[in-house]
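Peer 1: Sequence:
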Amino acid sequence: IEDDILPDAPLEKNNVDLIINEVTGSKDNTVILKNGEEVSFDKCVLATGSKPAVPPIPGIDKDGVWFVKKNIEYLRNMKEALNSAKEIVIIGGGFIGVELADELAKKGKKITIVEMQDSLLPTAMDKEFGDMALEVIKDKGINVLCNTRVKEITGSKSADGVILDNNNKLKADAIVVSAGYKPNLEIAEMFDIDVDHKYGIKVDEYLRTSREDIFAIGDCVRKRCCFTGDYTSIMLASTAMAHGRLAGSNLYDIKVVKGFQGTCGTFSTKIGNIAFGVAGLTEKQAKKVELNYVVGYNETVDKHPGKLPGASKIYTKLIYSRYSHILLGAQIKGGDSIGEMINMYSVIIQNKMTDMEINSMQIGTHPLLTSSPVAYPVINATVDAIMKWYK
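Position in the sequence shown counted from 1, then plus 505, gives you the numbering used here.
Hints are not guaranteed to be accurate.
As the list claims (entries may be wrong) - Only pairs whose alpha carbons sit at most 27 Å apart, straight line, appear in this in silico DSSO-like list of lysine-lysine:
#1 K676 <-> K707
#2 K645 <-> K591
#3 K687 <-> K645
#4 K656 <-> K556
FYI, nobody ran anything at the bench for these hints, they're computed from the structure.
All chains should be modelled from the sequences, with the hints used to inform the complete structure.
Peer 2: Here it is as structure tokens:
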């Protein structure tokens, strides 16, 4: 765990004073710490993050039920408990639940994921990609129960299993709940700042709160989808970093004229040797808001010719607006090249590039590094979409 913690040295090098303490109160432009010390400020940035959501399941407060908290001592204890457990139930098939199951399976644990929707990663991807992830997980010997809910956690003081909504029972030495996160709003409420208890602290496009001297960034902030304008529960480190750069540039006056335009939800994950990436809207989300769209597909390999050692198949799905022809969303599956490829899609989406602009993109290719120039995924999937709406 310690190896994953960023060091303090870069902050100290930039004259940042670190105070390891807890804020317990506030008055005017002052925060009150747990030890009674008071720290005054001209400007304040709230970056209080998020905490695990706790679903209303009877028995969820028993010993042996774990959440993925941002607390190093808690995580040490959790790691020790999971290492000694033989049978583990994970409630929730999102990114954290799936990645945790993948790692635990490497240790020979008997794992069951219980997901209430009809596929894995259901809020991030369309079902066809969730089903691809499901196949990868099953190949690792992990049991997955979709369209299933946990209605009770059993055991006296310590959890020993779960009862499902079909009344089947699963034994468990440890249970991990991965049912999403909610914003930490306690400090914002101390300052009497306007908040939305579902989505986070209310901010404008420059991350300013209802108090002009206080900004807020990251998971604790209410965000909008960059296309629909609807509020979204997406919480990503990359979004928090974008927030931080924008707020830091504009603390004392507006230097960056273009404010935060909303999140386009760029994700990536890796299960075993297979990587998945998502940016922008999925088809499911486009349908929900009744957008008129067309889908382009492509399947290729990330080296050329495809028989080169280490070549991986890439499966691409692009969502285009039928009205404006801009790219709304991208989903890809493949090898390690997916990690940076999805970032390219994110830039395309944020800049609202059209099908014809993408079709005329000039790209660099190399047999050992990229797909063939005649089978480049973003261009060929775009051509597939173009052919569908010009029929």
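Peer 1: Given the hinted pair K687 and K645, is their Cα-Cα distance within 27 Å?
Peer 2: violated, 31 Å
Peer 1: Do the alpha carbons of K676 and K707 lie within 27 Å of each other, as the hint requires?
Peer 2: The hint is violated at about 43 Å.
Peer 1: Decide if the proposed pair is consistent with the structure: K645 and K591, CA atoms, cutoff 27 Å inclusive.
Peer 2: Given that 27 Å is the threshold and the Cα spacing comes to 16 Å, the pair holds.
Peer 1: Sort out whether K556 lies within 27 Å of K656, counting only the CA atoms.
Peer 2: Since the Cα atoms of K656 and K556 sit roughly 22 Å apart, the hinted pair holds (cutoff 27 Å).
Hint violations for this structure: numbers 1, 3, all remaining hints satisfied.
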